[in-house]
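Trainee: One rule links them: number in my numbering = place in the sequence shown (from 1) + 405.
Be aware that a few hints might be false.
So the derived label-pair ranges between C-beta atoms look like this [claimed, not checked]: (1) Asp632 with Thr593: 13 to 23 Å; (2) Gly571 with Ile625: 41 to 51 Å; (3) Ala704 with Ala624: 23 to 33 Å; (4) Asp592 with Ile529: 21 to 31 Å; (5) Glu523 with Glu574: 18 to 28 Å.
Below are the BS3-like pairs computed for lysine-lysine, each with C-alpha atoms no more than 25 Å apart in a straight line [as the list claims (entries may be wrong)]: (6) Lys653 with Lys498; (7) Lys525 with Lys540; (8) Lys653 with Lys517; (9) Lys498 with Lys540.
No wet-lab data here; the hints were simulated from the structure. Glycine is no exception: its CB is placed at the ideal position from the N, C-alpha and C atoms.
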Amino acid sequence: MAFVFVGCGDDSSSTSAPPPVPASSAIQQDPTSSSGALPDAGTNPVSSPDAVDPTSSAIAPPANGTFTFATTPGTLALTADEDGFYDMGDVYKAVPQTSKIAFVIRHSKREKKNTGTESKLTPIGIQMAQTLGTKLASEEAFYYSSTDFLRTRETCKNIAIGRGEGEVEVVTWDGIDGGYFLTVPSDTLDALVSTRGGNPRYIAQYAYGVPYTNETVAAIIPSYFYDLFERGNQFVNEVIVANMPNWKRVSVLVSHDMLVMPLIVFVSNRTINLRIYEAPNHWVNYLSGIAVIVDEAGAVTVLPVRGDEVGWMIPRDEVDETVQ
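Given these sequences and hints, build the entire structure.
Mentor: Below is the structure:
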């Protein structure tokens, strides 16, 4: 079973196109890892019978975790922008009706300086999500899931409004929370880096394999993260593809930057610039993420995607904070 991985925004500017990615670079998933295992079907809300689309054909998960990076999205008529992202509306329109799609994206623009669970979307954030919905408009109903945060649920609901779906059920699922790439609870990372540059900088250095200059952090933080490529592959294989038979043909899963940023870096084989630790301080934009596409033969294509005009942002006064 083949995997093809193809390689942000309130204040933004363009960057040059990413360099070509060698098509021979392959990584093998760790078959012994159980850290990304899903909850039992009886307790996993995504696997509940109510979430199953009875009209869709089930797609079996890939037989192994080997994938190859590529620079083009297979046979899909798609072109990446100069930063390496694919527009979500273009992806939706280009993918055949016989294929399934799962979009895993960051929430829309939230209230400033508030990362708590009750942080709401701003009026601009509401409009951004609804505008994305218009790009995805069609007669078919989508499946929506999010973390247990007000801003992620609101993002799903406003995308649905933009699509013309009206009121929809948003399934709460912790399986897509921001701590997936961490071996420790996120507050453990917060405590270590809060006075040394903030989460985004250290998450970015982890994702790009850049050494930490702070001696205290360098001595501790590597053990806080899983291997980017093994864990990213596990997320696509076990968290997304394995659950897609339980969802509708198109799914929208809304999470946070701590999950989405490493996923984009993984999918693009580190060619997309989200290096907040160096000028021009790019970070993952609201509504950016990845698309996981499974065709009727079971082949998996994964693309970095954006729901806004660009896939990255410059947080400016949020550079040294947990952006989420």
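Trainee: For every hint, state whether the structure bears it out.
Mentor: Cross-check of the supplied hints:
no., hint, verdict
1, Asp632 with Thr593: 13 to 23 Å, "holds (18 Å)"
2, Gly571 with Ile625: 41 to 51 Å, "holds (49 Å)"
3, Ala704 with Ala624: 23 to 33 Å, "violated (43 Å)"
4, Asp592 with Ile529: 21 to 31 Å, "holds (29 Å)"
5, Glu523 with Glu574: 18 to 28 Å, "holds (20 Å)"
6, Lys653 with Lys498, "holds (16 Å)"
7, Lys525 with Lys540, "holds (23 Å)"
8, Lys653 with Lys517, "violated (34 Å)"
9, Lys498 with Lys540, "holds (9 Å)"
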